[in-house]
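Undergrad: Given chain Z, work out where chain Y should sit, using these hints.
Which chain is which? The protein sequence lines are Z and Y, in order.
At the far end of the first sequence sits residue 467, using this note's numbering, and the numbering has no gaps.
At the far end of the second sequence sits residue 467, using this note's numbering, and the numbering has no gaps.
It is possible that part of the hints are untrue.
No distinction is drawn between identical chains; accordingly, a pair holds when it is met within one copy or between any pair of copies.
Under the rule of at most 30 Å between Cα atoms (straight-line distance), these lysine-lysine pairs were calculated in the DSSO-like manner [stated by the list, open to error]:
id, residue 1, residue 2
1, LYS248, LYS447
2, LYS309, LYS286
3, LYS287, LYS392
4, LYS371, LYS447
5, LYS392, LYS309
6, LYS460, LYS325
7, LYS371, LYS392
8, LYS224, LYS422
No lab work stands behind these hints: they were computed from the structure.
Values in this document were obtained by computation on a predicted structure and should not be read as measured data.
Number of protein chains: 2
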Amino acid sequence: MTLSHLNPDLPIGVFDSGIGGLTVVKEIKRLLPNEGIVYFGDTGRVPYGNKSKSTIIDYSLQITKFLESQGVKLIVIACNTATAHALDAVKKATHLPVIGVVDPGAKAAVHYTKSKRIGVIGTVGTVNSKAYEKAIHKLNSDMLVFSQAAPLFVPLVEEGWFTHPATSLIIREYLKPLENERIDTLVLGCTHYPLLKSAIDREVFSSITLVDSGEEVAKDVKSVLEKHKLLRVSKRTEPFQYFVSDLNFRFKELGKMFMDEPFDKVTLVEWQ
Amino acid sequence: MTLSHLNPDLPIGVFDSGIGGLTVVKEIKRLLPNEGIVYFGDTGRVPYGNKSKSTIIDYSLQITKFLESQGVKLIVIACNTATAHALDAVKKATHLPVIGVVDPGAKAAVHYTKSKRIGVIGTVGTVNSKAYEKAIHKLNSDMLVFSQAAPLFVPLVEEGWFTHPATSLIIREYLKPLENERIDTLVLGCTHYPLLKSAIDREVFSSITLVDSGEEVAKDVKSVLEKHKLLRVSKRTEPFQYFVSDLNFRFKELGKMFMDEPFDKVTLVEWQ
Numbered sequence: 196m197t198l199s200h201l202n203p204d205l206p207i208g209v210f211d212s213g214i215g216g217l218t219v220v221k222e223i224k225r226l227l228p229n230e231g232i233v234y235f236g237d238t239g240r241v242p243y244g245n246k247s248k249s250t251i252i253d254y255s256l257q258i259t260k261f262l263e264s265q266g267v268k269l270i271v272i273a274c275n276t277a278t279a280h281a282l283d284a285v286k287k288a289t290h291l292p293v294i295g296v297v298d299p300g301a302k303a304a305v306h307y308t309k310s311k312r313i314g315v316i317g318t319v320g321t322v323n324s325k326a327y328e329k330a331i332h333k334l335n336s337d338m339l340v341f342s343q344a345a346p347l348f349v350p351l352v353e354e355g356w357f358t359h360p361a362t363s364l365i366i367r368e369y370l371k372p373l374e375n376e377r378i379d380t381l382v383l384g385c386t387h388y389p390l391l392k393s394a395i396d397r398e399v400f401s402s403i404t405l406v407d408s409g410e411e412v413a414k415d416v417k418s419v420l421e422k423h424k425l426l427r428v429s430k431r432t433e434p435f436q437y438f439v440s441d442l443n444f445r446f447k448e449l450g451k452m453f454m455d456e457p458f459d460k461v462t463l464v465e466w467q
Numbered sequence: 196m197t198l199s200h201l202n203p204d205l206p207i208g209v210f211d212s213g214i215g216g217l218t219v220v221k222e223i224k225r226l227l228p229n230e231g232i233v234y235f236g237d238t239g240r241v242p243y244g245n246k247s248k249s250t251i252i253d254y255s256l257q258i259t260k261f262l263e264s265q266g267v268k269l270i271v272i273a274c275n276t277a278t279a280h281a282l283d284a285v286k287k288a289t290h291l292p293v294i295g296v297v298d299p300g301a302k303a304a305v306h307y308t309k310s311k312r313i314g315v316i317g318t319v320g321t322v323n324s325k326a327y328e329k330a331i332h333k334l335n336s337d338m339l340v341f342s343q344a345a346p347l348f349v350p351l352v353e354e355g356w357f358t359h360p361a362t363s364l365i366i367r368e369y370l371k372p373l374e375n376e377r378i379d380t381l382v383l384g385c386t387h388y389p390l391l392k393s394a395i396d397r398e399v400f401s402s403i404t405l406v407d408s409g410e411e412v413a414k415d416v417k418s419v420l421e422k423h424k425l426l427r428v429s430k431r432t433e434p435f436q437y438f439v440s441d442l443n444f445r446f447k448e449l450g451k452m453f454m455d456e457p458f459d460k461v462t463l464v465e466w467q
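Next comes chain Z alone, as it looks inside the complex (with noise of 0.2 Å):
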């Protein structure tokens, strides 16, 4: 596949259910600052945490499509549910590269843990999709994978309770059966879990590593844009470009949460 006609200047898409994949874009910006975004929000269909794998073939499919429609060089999934259902499809009907959270994350708890015992937390549709556990396995057979779904941390980093007396409770009741497995790696499978990271730290054993897929994300999109001589060398003057489906959700509000660019522009994009 050459990707020889695409312009290094264009935009790198990047979509997600909703707010979440804003860790995702945080990084790559720290990464890689030179790169313009065009960020999708499905927050008009917010959740995909709980909606069937045909759904979310149908929803990513149809996001892909319109971030081909902003010229855009290379596609992020930046929702676990998303990736761990629709990495395949997207794949195959886009001609773009396309990087999914989960494989980034797998890699890097496989590069930290010791004790191959390593451990994952996000929404109820990714542990159940068992997406974490398959990409690691794939890089090493010999890995146990201890999985905790963790529904409450979305709505408390929504929230923005990060240092909370509840939120300690919480993170304590979900990471104790981890703990009890002794894993010394701990991948956070959801976009919004790197904004509780230091609240996390605060509660695990100091022994165990968190991998936040975000960092791990950004550092594949520069290696692939290396690898497709698409990396862009000229500086970024415009703003990042915002689509979401709703625009009721709070995104401009939790954005600022999220990360440190404006947020002058959030458009909706209908789709009927």
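TA: Chain Y alone, transformed into the frame defined by chain Z:
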């Protein structure tokens, strides 16, 4: 309007964005054990709380048509957000009687309060809609209404953490501002919240009366059916019918928590 062509043996149609409306079904069943129920849970598009008014009207009209096609005699909108945004539109779109969850709760609150200081808790969508404030002020403009969004309550209920220490802390966090306003009546303005009724009762001042909209809706259903001579006298033999828009949602599992009617039949409705 005459409804004399309708058979009193027809079931009642109830809809919600997901599973919460089952607390209303439970109260209808308790008060009117003869009545059949056709329930629609929009599990493929849950939650409604962060969606815009026009989106919620579209969804509600689509579900109303579906319930009409199932031959129901009355429609209950067992979702506070859908009631807040779409009650008028649904009433216009159907010749059947329609009951929402807001007015019965507002009426009960006005009836119970002595201090004329009423608290309302609900989702962000319900609180922002000011539906309870408007409904209460329509009944009595002297009332002072204090509202508080409680986004963590729905996931706490769906986790089944009714007696968890974190639940107590979260309840106190949300309700302290309302206690400080010296409310004597608190409307549980979300159909999930009746499952937290005991927990809330333990945490708030004993002088505060809790209003469970489900109970109040059931009373309204009874009086509307009586008025139209549509109360069923024959004993119900058929099971309740449950329809959902996505099967992946833990409807059966959560449903057990919400009520005791067996969940033999949960059917997927595919819109397209």
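Undergrad: Does each hint hold? Answer for all of them.
TA: Comparing the hints with the structure gives:
no. : hint            : verdict
1   : LYS248 - LYS447 : both (29 Å within a copy, 19 Å between copies)
2   : LYS309 - LYS286 : neither (33 Å within a copy, 63 Å between copies)
3   : LYS287 - LYS392 : neither (34 Å within a copy, 49 Å between copies)
4   : LYS371 - LYS447 : between (34 Å within a copy, 28 Å between copies)
5   : LYS392 - LYS309 : within (21 Å within a copy, 47 Å between copies)
6   : LYS460 - LYS325 : between (36 Å within a copy, 28 Å between copies)
7   : LYS371 - LYS392 : both (16 Å within a copy, 28 Å between copies)
8   : LYS224 - LYS422 : within (19 Å within a copy, 64 Å between copies)
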